[in-house]
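As a plain string of letters, each chain reads:
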Amino acid sequence: MFTIFKINHRVFSRSISTVRGLRAALLFSTGLPLLLFPVSAGVTNPDLSAIGQVMGGYTDSAGSKNSQDPTLRLGEAEIVLDAYLNPYLKGWFTLTGGEDGIGVEEAYTSVVKGLPWGLGLKAGKHRLDFGKVNPSHPHAYAFIDPPRSLTSLLPGGSDGFNETGLQVSDLLPTPGDWASTVSAEVIEGKQFHPGQDYTSLGWTARWANDFLIGDIGALETGLSGASGQDAGRDADPAYLYGGDVKAKFYLPGASQLTAQAEAIYKRGHLSDSLPTDLRADNRFGWLASVDYRYHTQFNGGALYEQWNRLGDAEKTDRAFRVFAGYAVLEESTLLRVAYERLLEEDRAGVNSVSMQLLFSMGPHKAHQF
Amino acid sequence: MKISQIKSPKSIFTKTAISVVALTAFLFLPASAKIKLAASIPDLASIAAYVGGDEVEVFSISKANSNPHFVEVLPSYMIKVSRVAVFLKAGLALDQWADAIIEGSRNQNIQVVDCSAGVDVLEKPTGKVDASLGDVHPQGNPHYWLDPANGLIIAENVRAALDKADPAHAALFDGNAKRFTEEYAKRIANWKNKMAPLNGSAIITYHSSWVYFAHAFGLKIVGYVEPFPGIPPTAKHLQELVEKIKTEKAGMLIQEPYYAGSDPDFLNRQTGIKVFRLTPACESTGADGYFKHFDDMIGALTGVVTGGAKP
Numbered sequence: 305m306f307t308i309f310k311i312n313h314r315v316f317s318r319s320i321s322t323v324r325g326l327r328a329a330l331l332f333s334t335g336l337p338l339l340l341f342p343v344s345a346g347v348t349n350p351d352l353s354a355i356g357q358v359m360g361g362y363t364d365s366a367g368s369k370n371s372q373d374p375t376l377r378l379g380e381a382e383i384v385l386d387a388y389l390n391p392y393l394k395g396w397f398t399l400t401g402g403e404d405g406i407g408v409e410e411a412y413t414s415v416v417k418g419l420p421w422g423l424g425l426k427a428g429k430h431r432l433d434f435g436k437v438n439p440s441h442p443h444a445y446a447f448i449d450p451p452r453s454l455t456s457l458l459p460g461g462s463d464g465f466n467e468t469g470l471q472v473s474d475l476l477p478t479p480g481d482w483a484s485t486v487s488a489e490v491i492e493g494k495q496f497h498p499g500q501d502y503t504s505l506g507w508t509a510r511w512a513n514d515f516l517i518g519d520i521g522a523l524e525t526g527l528s529g530a531s532g533q534d535a536g537r538d539a540d541p542a543y544l545y546g547g548d549v550k551a552k553f554y555l556p557g558a559s560q561l562t563a564q565a566e567a568i569y570k571r572g573h574l575s576d577s578l579p580t581d582l583r584a585d586n587r588f589g590w591l592a593s594v595d596y597r598y599h600t601q602f603n604g605g606a607l608y609e610q611w612n613r614l615g616d617a618e619k620t621d622r623a624f625r626v627f628a629g630y631a632v633l634e635e636s637t638l639l640r641v642a643y644e645r646l647l648e649e650d651r652a653g654v655n656s657v658s659m660q661l662l663f664s665m666g667p668h669k670a671h672q673f
Numbered sequence: 152m153k154i155s156q157i158k159s160p161k162s163i164f165t166k167t168a169i170s171v172v173a174l175t176a177f178l179f180l181p182a183s184a185k186i187k188l189a190a191s192i193p194d195l196a197s198i199a200a201y202v203g204g205d206e207v208e209v210f211s212i213s214k215a216n217s218n219p220h221f222v223e224v225l226p227s228y229m230i231k232v233s234r235v236a237v238f239l240k241a242g243l244a245l246d247q248w249a250d251a252i253i254e255g256s257r258n259q260n261i262q263v264v265d266c267s268a269g270v271d272v273l274e275k276p277t278g279k280v281d282a283s284l285g286d287v288h289p290q291g292n293p294h295y296w297l298d299p300a301n302g303l304i305i306a307e308n309v310r311a312a313l314d315k316a317d318p319a320h321a322a323l324f325d326g327n328a329k330r331f332t333e334e335y336a337k338r339i340a341n342w343k344n345k346m347a348p349l350n351g352s353a354i355i356t357y358h359s360s361w362v363y364f365a366h367a368f369g370l371k372i373v374g375y376v377e378p379f380p381g382i383p384p385t386a387k388h389l390q391e392l393v394e395k396i397k398t399e400k401a402g403m404l405i406q407e408p409y410y411a412g413s414d415p416d417f418l419n420r421q422t423g424i425k426v427f428r429l430t431p432a433c434e435s436t437g438a439d440g441y442f443k444h445f446d447d448m449i450g451a452l453t454g455v456v457t458g459g460a461k462p
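Taken in order, these protein sequences are the chains called A and B.
The first sequence maps to residues 305 to 673 in the numbering used here.
The second sequence maps to residues 152 to 462 in the numbering used here.
If we strip away everything but chain B, and leave its shape as in the complex, we get (with noise of 0.2 Å):
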């Protein structure tokens, strides 16, 4: 072997230290110039994808099986934070773990849009609101995205959002809003259609969080296995929940995914009332995750299942 073939010490640093600061620059420049959006829940994740169309990358912190009440603030989530434009928070005190997130992400340019803004709330508390009354939100109940209509406000409250954060894009963005109040249209007959036999009637859900659903199908909620939202039941509270359910003659119990199944089982067996698990939020973050979500909702509800949801 030559002499001149034989790499000295220092060349070998010399092309290490290009190779690490080569890699390093990768990993951190930006793969591409797409807006960035974090969502609290996937709902509002679907939508921004929908409206953003591909100029958007988007993801949600709570999973559609986990409940949005409850979100454990990882720094994981604060760094995914740093790096978007834009969070699309549920607002009504439903997210309150997000202001830690967006806080403890340190980023200086972030856009918080409340989606919230301009839904014609429910359950909104007259008087003194404590602890008495459950976990009861002071500025009503939070679970707006699921009346299909204020999906339209949403996508209202996140269009103005990107036109803001890119105005470059604005037509676009404005484009695939116009499409998404086009696509509710179309869809919401058909829902309505298959919810008309079921329109009136006597329905149990486990937490308050159907409320918006059963107001835009005609549903009427007549009791809660909570006894108070956030409230685990008592022995005394199912009783009268069995005699609740024998008097308005329901047939439907909703129950999210994250609560014990026992207390809806025993109900289940005492008055025959069929038991639905469904989950409040969209399972895809894709552009077509909150329709299809309606989709299931009424296929399971209906009797005929699409997927996702099951009886």
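For reference, chain A alone in the conformation it holds in the complex (with noise of 0.2 Å):
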């Protein structure tokens, strides 16, 4: 296929009258299909990568449908394809199959150089700059399941908050080690009222600051803003703050220590077929995790985190999770465990515990070591 492609190409550059002399002789004498040769098609395939996970669990949940029964399941597979469109643009797919069926988690392509003042540009849909773990895809999360807090304060819930937008981002020219990000992205606005069919455009904006902490590690905060209709086109728009901050230290034998928390503030509102003093929806949610790596293959830490309840903002619901997690002989493949206790405000507590087993092809990694 390489060969066949460099050929072509070889051939149709030489100049745009030769290859419209040979298309017209060859569209006459041959017929109509010819028109679909490839003129102009790129000389290497894209970076492919496939990412597939086991999971099993257990929960006490009363609420489950599997309550104390173990389970065991193929969970989300991904499929990752990247490459440059040309030296300016890169584009990018993520492809996800699942017991739901086959989606597109994400599709856009970046402005990657020739734009002025370090500016950027982003089109597609992506898991959307909002704080540090939004735009991470969960396989990388080392605690397996996206945090509760989350998933219950942002739009997408566990799917993540991720649509289609087009963002502006730019590199500040700061001093020394601490680089300045500033972005704003005009998004769909579609899951900000899930199940309702008018559209309406929302935003989201960021403020990412970097630090080197001289070579023993980096410190990484944020502000991050968004809006957009969750109770119908001609409401007031609901409102999301976040700020958050990550450090990491750098140890000796290639082992790491990270810490990071992150806070949610969201003032919107509930379903409209509620009477109008019981619509506000303004809650506050955070969380904080240690995750401590030890020579590359082997990892453990904690997650806490507490939010506001959906439907009931006057209760607060809290989580603590420990994990663990074991790269089995390097980056391709990795086994995580984690244990979980909910805390629900005025709810008996349960107890869950979840296995991941992830396996990677492709430059695209499980996670990186």
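Don't take every hint at face value.
To be verified - Label-pair distances were calculated between CB atoms; the ranges are: (1) A:417 with B:400: 39 to 45 Å; (2) B:402 with A:665: 22 to 28 Å; (3) A:665 with B:371: 55 to 61 Å.
As the list claims (entries may be wrong) - Below, a list of computed lysine-lysine pairs in the BS3-like style, where the Cα atoms sit at most 27 Å apart: (4) B:275 with B:343; (5) B:187 with B:329; (6) B:329 with B:343; (7) B:185 with B:443; (8) B:187 with A:417; (9) B:425 with B:214; (10) B:387 with B:371; (11) A:619 with A:429; (12) B:425 with B:387; (13) B:185 with A:417; (14) B:443 with B:337; (15) B:315 with B:329; (16) B:214 with A:550; (17) A:417 with B:315; (18) A:552 with B:343.
Said to hold, decoys possible - Just some of the chain B residues that point at chain A, by a computed CB distance under 10 Å: (19) 230; (20) 234; (21) 255; (22) 286; (23) 409.
No lab work stands behind these hints: they were computed from the structure.
On a predicted model such as this, the values are computed, not experimentally measured, just so you know.
Virtual Cβ for every residue (Gly too), placed ideally from N, Cα, C.
These two chains come separately, so use the hints to put the complex back together.
Written out as structure tokens, the structure reads:
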């Protein structure tokens, strides 16, 4: 295939007039199908990666249909394709398949060079830049499942805040090791009003600051905001405000300690069917985690989070997780386990255990060493 | 107090604004007209510091004691790279992470130099290359800077890049590159002389980082702690290695500091093999860093420790 494309490219790039003449002659002699001949096809294939996961679980939650029964299933699989489209643009596709069918998790193009003043452009569907956790793919989470505080407060729930948008970003000309990036994005806004048939654009914005702590670590901080219609096209929009901080310390022997925290405040609305005075959905949630990675192969840590309950913001639910991971041989295969204690106010505590075996092939690994 | 002495809020605001603008301008103005370079690994940075002399400022992204295969792509690296004229890549798929940093820097005018250009690459795989072979680099072993003769090729690549980036100082860069070659000629005889007693000695290394070093100084690598590149050892492999060390009479094991020491220590206990924990990259990115690294490694291996590397 590669050779064919090279030959085509050489033949057809001699001159435009030669190409046009040749195509015209071929068209007249052999017919219409030759119009589809790939005159400017790329000469290389995109990077192709696949990530699969085997998931196991156990919960004593009375509300679960599998309460007190161990489960085992094939989790969501990902196919990732990425490549330069031309010297200035890159493309990225993440296709997912699982029990819910096949879907496009991400499909976007971004301008990687050619724009002035450190500007960047990104267009398409992708996990939105809100906080530190949401933009990462779930298979990168050391704690296995997305934090409950985020799935409760962010649009998209457990699928993540992930929409089609048009983003402009700028890497500000800061001194020293300080990297400051601002971004603003117009989004489809659909995840703010799931199941409703109107359209109304929303937006997100983020200001991220990153610093090196000498040779021993790095500090990242960020402020995020987002808005969209969650109660009808003509109602006041919902707003999300977020702040996050992450510190990473590089220890001897390729070991690392990572600590991060994130907080979100939502000012939105519940269903239109509720009385006006009960419609407010003003809630707060936060999470904090630590993860210690020993010699690249082993890691362990803990996550604590709490959030105001959806539909009853007076109540605060909490969850605590401990987790551990083991990279089997190297980064392409990873075994994780997590235990969670969910403490919902005025309800009985729930214990859950999760297991995840991740395996990946290609350049986009299950996780990065 | 006279009324005229009382500063109006407008005046205070104006002076504050002027001060902020002046301070901002001071922070963002270039401190000097030196050519700024970034390098993937310290050795490339050190050679660039030698060839560029006082006309360059150079920094390395990976450090001497960090694994150059795996560097976390941080925005802080991107902002630093956004200000450089030249990026020195190791190439041969060692520093693939550098592409993300260069891309993220949005630097429109950066000159990216693959310092492996012109190197006689060892261990080029033949046939199908996939993960069943471990973390094999499809273009060959990328640790080429550990043969000091390849330092000359790197210096030549750096010189050409600097001449292009700053033609006004081309004569200085050409002169420094020539001095680098002369320095190499002076030192290589001494190094080979010191290493002569070890010529033909069987050694074990943890990862395949030392292939060029062994090639340059006549050492014979008879086994690796890793059964495949990038794959940690199994108990069975270690047992086989114990036998190999005994049969081949291997007396030295060289280990990179970013791998766990337990397996080399096990081999030491089983066979008495001497373990040397050496960094495959130089500690200093100064002009003397590259040559001093060989002084240290050779000193350690031949029993004359000069600092840095410890047996």
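Hint check:
no.	hint	verdict
1	A:417 with B:400: 39 to 45 Å	55 Å, violated
2	B:402 with A:665: 22 to 28 Å	40 Å, violated
3	A:665 with B:371: 55 to 61 Å	35 Å, violated
4	B:275 with B:343	26 Å, holds
5	B:187 with B:329	21 Å, holds
6	B:329 with B:343	21 Å, holds
7	B:185 with B:443	25 Å, holds
8	B:187 with A:417	20 Å, holds
9	B:425 with B:214	25 Å, holds
10	B:387 with B:371	23 Å, holds
11	A:619 with A:429	34 Å, violated
12	B:425 with B:387	21 Å, holds
13	B:185 with A:417	25 Å, holds
14	B:443 with B:337	13 Å, holds
15	B:315 with B:329	17 Å, holds
16	B:214 with A:550	22 Å, holds
17	A:417 with B:315	21 Å, holds
18	A:552 with B:343	43 Å, violated
19	230	4 Å, holds
20	234	8 Å, holds
21	255	8 Å, holds
22	286	7 Å, holds
23	409	4 Å, holds
Against the hints set out earlier in the document, violations occur for numbers 1, 2, 3, 11 and 18.
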